[in-house]
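Taken in sequence, the protein lines are chains L and F.
Take 1265 as the starting number for the first sequence in the working numbering and just add one per residue.
Take 19 as the starting number for the second sequence in the working numbering and just add one per residue.
A hint or two may mislead.
[Unchecked claim] Quick list of the computed label-pair ranges, beta carbon to beta carbon:
hint, chain 1, residue 1, chain 2, residue 2, range
1, F, D103, L, D1319, 17 to 27 Å
2, L, P1324, F, P139, 26 to 36 Å
3, F, R186, L, A1275, 37 to 47 Å
4, L, L1298, F, I29, 15 to 25 Å
5, F, D124, L, E1283, 29 to 39 Å
6, F, H117, L, G1310, 25 to 35 Å
7, L, E1280, F, G179, 33 to 43 Å
8, L, A1275, F, H117, 20 to 30 Å
9, L, L1296, F, G104, 20 to 30 Å
10, L, G1310, F, E168, 23 to 33 Å
11, L, V1272, F, R195, 29 to 39 Å
Bear in mind the hints are in silico, worked out from the structure with no lab data behind them.
Think of the CB as a built atom: it goes at the ideal place given N, C-alpha and C, for glycine as much as any other residue.
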Amino acid sequence: MKPGFGDVLLAEGDPELSEDEERLIEEFRRQLDLGMWAAVPTAGGGRRQATLVRDFSEVPRDAERVVFFPPASGG
Amino acid sequence: MTALALASTSIVLAVLALIAFGPEVAAAVRRRLVRAPAPDPPVPAWDPGRELRAERRARELLAAVVSAEELAMYDELGFLSVAGDGRDDSGYAYLLYPHRPIVAFDAETGELLNEYCVGFPDRSEPAAARLPDADDVLAKWMSLHGSERELIGVANMHVPGRQLDPDRVRRDLVRLREWRAARRARAAA
């Protein structure tokens, strides 16, 4: 998520392919180093949920997307 | 002769001034150089077209993440409602408005409990830049689902009415109740 743009595609690939996975991990770490929060939307039992993740290993292998957004702060 | 005297006097005065005030002037210049703040990044000109495109993209992302019912709620009512503690039977819930505080309310009685002032400022962007409305609501939605305690922990908590008109919020709760009842009735028909 980016002000003035909405969502911006940062990287995409198949984590089963090592080359893609390396690229995805690199981008994941870069975003977290920038201070972003990472959320993985999930759907189970007819309910939509989201999980905050702090390490690439926490991302389910079948996740469709990881959404990065600026961290919350008191307004 | 007069010109030479004037020039000599000027030089002497300049040397004396340098001796008298030179160190202080140099120190002041050094302090100013050290204290000079980094220039703020330029604020981009307001572009309604860009903001509209951003809002459309944000709504597409919202549609891809939340349920169809929640998307309809946002489109028709302008806010989302999320059950507290990720459970419908928790006894409390939240209203999520774009770029407004999160409001906690008693799910049974509708009593307003707290306002949680929270934002998602992008530090890499100019201060005036903010997420599109749908992105702001989605960020709140994901944060509440993903880590309610963490989100509420960073928010500034206030009693209801600090920023949002409590009467308006109560009306929104009535609208929400009626909206849900109408959907249930349509589904049953």
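Q.
Hints numbered earlier in the text: which of these fail when held up against the supplied structure?
A. When the structure is compared with the hints, numbers 4, 5, 7 turn out to be violated.
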